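Visitor: Once you have looked at the hints, place chain W on chain X.
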Amino acid sequence: MSAFLTYLLSGLAVGCSFALVASGFVTIHRVTRVVNFTQGTFTVLGGLTAGSMLNRGLPHGAAEAVAVLLAATVGLGVGVVAIGKPGTSPLASLVITLGLGIGAYAVEIVVWGDQPRSFAMLRGATVLAGARIQNQYFLVIGAALLTFGGLGVFFGRSYLGKALTACASNPYAARLAGINVTRMGLLAFALGGGLGGLAGVLVTPLQPVSFDSDVLLATNGFAAAIFGGLVRPSAALAGGLLLGVAESMVAGYLQASYQVEVALALMLAIMVWQARRRTLAVEEPG
Amino acid sequence: MLEVADLVVRYGSATALDGIDLRVEAGEMVALVGPNGAGKSTLVNTLSGILRPASGRVRVHGRLAQVPEGRQLFAELSVQDNLRVGAWRSGDRDPTRVYRVFPDLARIASQRAGTLSGGQQQMVAVGRALMSDPDILAVDELSLGLAPIVVAELVGHLTELNRDRGMAVLLIEQNARLAFDLCHRAYVLEAGLIVAEGRCADLATSPRVMRAYLGETGSEPQ
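In order, the protein sequence lines correspond to chains X and W. Under this note's numbering, the first sequence has 263 at position 263, and the numbering climbs by one with no breaks. Under this note's numbering, the second sequence has 87 at position 87, and the numbering climbs by one with no breaks.
Only chain X is shown next, with the shape it has when bound in the complex (with noise of 0.2 Å):
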């Protein structure tokens, strides 16, 4: 029972994780439609840059502070190639995405070089009903919940955040009110960079990141994201907490090497699962 416990918590402890990653996912596509590739991108970078920012002398807070700009501005940036030019459709998009990641491994190799780096953040563990969780952890958990709060309440309650929702939901009326949708999906991918670079300052005290880190992180928080469509932020959020825990008990109970293609066949099966509910529900109606 104990030995159920520790790997739960230290699973939902990862699992915020993984949905810190999924929130960028979900605010660039809920708005633009654009299945972002360079999403792992934003958090290696904000991870890498706060590094650099702490060993040149600037305190905790400032450096990652400039990591979550920076990689917010490179969101902007990337947002101005993805969808910049109108016409664009989502699907080139993604492939301009998927360009673009790669191209930043060049980036991060010349600046970086292709080793792995890590800083420290919160030191030492806390012992939680027999599972010891290292204090970093609780960072993490602290900001997914925020997040994901803000998310929902920007994106429910708030004007701009129903007209960024109204901009994926039918672009043509949302330029008929007069909105530019365009100026709104860059904002959402400066919004998701934001997000990526958050993810990567609080994860890379886990576990180092290098140039290459992106594809394993984006694996992760996109399955999380696509547990909610991609569209919904609170599912993102249980789909990263089940993924955690998934890939938690695995490693726990069967073995560490399978733990993520464990964890992702469960959410393939989810996502299956779901779709099937969906086609029954537009068959049968009422």
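These are calculated hints, taken from the structure and not from any lab test. Just so you know, these numbers come straight off a predicted model, no measurement behind them. From the three backbone atoms N, C-alpha and C, an ideal C-beta is built for every residue, glycine too. The reader is advised that the hints may include incorrect statements.
[Stated by the list, open to error] Computed from the model, here is a short list of chain W residues facing chain X with C-beta under 7 Å:
hint	residue
1	Ile-50
2	Gln-72
3	Glu-76
Guide: The following block gives chain W in isolation, referenced to the frame of chain X:
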């Protein structure tokens, strides 16, 4: 209120509108009829600024709002949020003024727009356009896919807006009979050209218009 002069709109090398002249005066209800593919939606999208003219002039005095063909609601948003987003230009986000026109919408304010019936959706679409406080309303295919009784209700609301508030209306319709009944003047658009214009009463008795749009068999009017 609205002046269109020698308007040409092209899609690449294809000419969709070829020298259109059209006017809507303040407080007037004007119909634009024509078959599928005549360029009606191209024209209204150019008036809204979605499409750019190749040449010619569109001048709107005041604000024009479009009720697009097929309603085009924000399906995931509630009725109230659809209306509020419609106020992006006007800035007055309180939907009460639209609920006064469409009391039914107040009852379903929190329902998701995607779950509504066609008639309710069309009401939301008109209401959303009204939220920008327009001086002229361009309604693209009001009646398409709706039951006659629903169309009659919507038409009643449009007439009210025109009569009580002096709102100018440009009604783009495939259903020419409905458009002629409702409007003072009409334009007939075919293959990107205005082929007839005038008072609806006159157009409705023109043999050519009758044959093409009113389903008559070509007998001379009595």
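Visitor: Does Gln-72(W) meet its interface restraint, that is, does its C-beta lie within less than 7 Å of any C-beta in chain X?
Guide: 4 Å, holds
Visitor: Using the nearest Cβ pair, does Glu-76(W) come within less than 7 Å of chain X?
Guide: 5 Å, holds
Visitor: With a cut-off of 7 Å, does the beta carbon of Ile-50(W) approach a beta carbon of chain X closely enough for the hint to hold?
Guide: 6 Å, holds
Comparing the model with each numbered hint stated earlier shows that all of them hold.
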